[in-house]
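Number of protein chains: 2
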Amino acid sequence: MDDRTIAPRDMSRLEKTSARLRSQIACLGLVIERIAGLSGPVFELGLGRGRTYDHLRWHMPGRDIYAFDREIVPIEDCRPPEECIVAGDLAVTLSRYAARFAGQVALANCDLGSYRQAHNEHMAALISPYLPQAVAPGGFVCSDLPLVLEGFELLPLPEGAVEGHYRVFRREGN
Amino acid sequence: MDDRTIAPRDMSRLEKTSARLRSQIACLGLVIERIAGLSGPVFELGLGRGRTYDHLRWHMPGRDIYAFDREIVPIEDCRPPEECIVAGDLAVTLSRYAARFAGQVALANCDLGSYRQAHNEHMAALISPYLPQAVAPGGFVCSDLPLVLEGFELLPLPEGAVEGHYRVFRREGN
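Protein chains in written order, with my numbering: chain A, 1 to 174; chain B, 1 to 174.
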């Protein structure tokens with residue numbers, strides 16, 4: 001496939017982004033409630049402008065949230081503390097942090113999609129092997145991209161989420 | 001006021017952005033229906049990544065939509081045709097285009113807010129004098145920022161919009 005191919009869509013970009021954010025809020029709401037009893041950290045893969053990072057810390061005060069991105073350029077009041085910033089190529093950083101927190105991560109939230117089909121397939125393939133290593137039994141992965149995760153089940157979407165924009169996976173066990 | 005003051009908020013940035021996009025879609029839906037009988041162009045003030053521009057052309061095929069921004073950096077499949085791009089400082093470009101299309105504009109959609117309080121106040125003050133000149137009688141202004149517009153009425157929000165995130169003004173007449 002030409003790596004410049006633009007992911008197809010059946011609605012305007014505004015509608016698509018709105019559906020994704022709405023779905024993300026609904027999915028994270030479900031997961032935040034269900035990981036209250038798990039003590040491990042959260043991985044935020046794809047810090048971007050920091051909106052979702054801000055949402056996670058807003059609703060889970062006190063939880064360690066590690067924010068990954070190639071470049072760290074959040075809105076200034078959404079900047080994580082320095083010790084929780086993981087800058088650089090995910091192929092390197094996620095491999096390292098998945099080993100460091102093996103079996104401990106309560107939630108890995110993955111917001112790595114773009115409008116490029118090839119980028120999306122590359123990112124999904126890149127992160128999928130590391131998440132089963134990192135996530136605790138009974139822990140969760142949320143993702144804008146479809147993922148194939150060994151030992152996880154895909155959950156039905158909560159109310160408020162729109163099919164096809166965000167996904168919740170739960171690691172079996174506990 | 002310190003021009004670095006960050007606009008206050010009572011929800012996470014993700015929730016705030018989601019509420020704004022949902023409100024924007026609802027408000028534009030109302031206006032798109034109501035300007036079907038007005039033939040003038042649309043002004044999109046603040047092209048940004050082009051998501052709203054894409055929404056406007058998606059739902060109003062054939063309408064001339066002029067897209068204003070200081071820098072033109074949309075997602076590549078949201079780029080307006082060259083003759084509809086108005087690049088540069090709004091203080092200059094809006095003054096010129098408000099004169100060129102005086103009394104003809106069917107809708108001016110203003111998406112100029114940032115997380116900076118002073119920026120927001122500056123932008124609202126900058127555009128407010130030009131919109132009454134540009135917009136046709138019976139035409140509309142939508143805005144993420146509160147505006148004071150001579151000769152316009154603020155409409156009740158349509159279903160789906162969240163109070164405080166987007167506004168619809170209608171110019172009196174017709």
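Hints listed in this document are in silico derivations from the structure and should not be mistaken for laboratory results. Errors might be hidden in some of the hints.
What the hints assert, rightly or not - Partial pick of chain B residues on the chain A-facing surface, computed with a CB cut under 10 Å:
1. 51
2. 54
3. 56
4. 72
5. 78
6. 114
7. 120
8. 122
9. 148
C-beta atoms are modelled at their ideal positions from N, C-alpha and C, and glycine is treated no differently.
Hint check results:
1. 51: It holds, given that the least Cβ distance between residue 51 of chain B and chain A is near 4 Å, below 10 Å.
2. 54: holds, 4 Å
3. 56: holds, 8 Å
4. 72: violated, 16 Å
5. 78: Where the cut-off is 10 Å and the nearest Cβ of chain A is about 6 Å from residue 78 of chain B, the hint holds.
6. 114: holds, 9 Å
7. 120: Violated. Min distance 14 Å.
8. 122: violated, 18 Å
9. 148: violated, 26 Å
The structure fails to meet hints 4, 7, 8, 9 from the earlier list, while all remaining hints are met.
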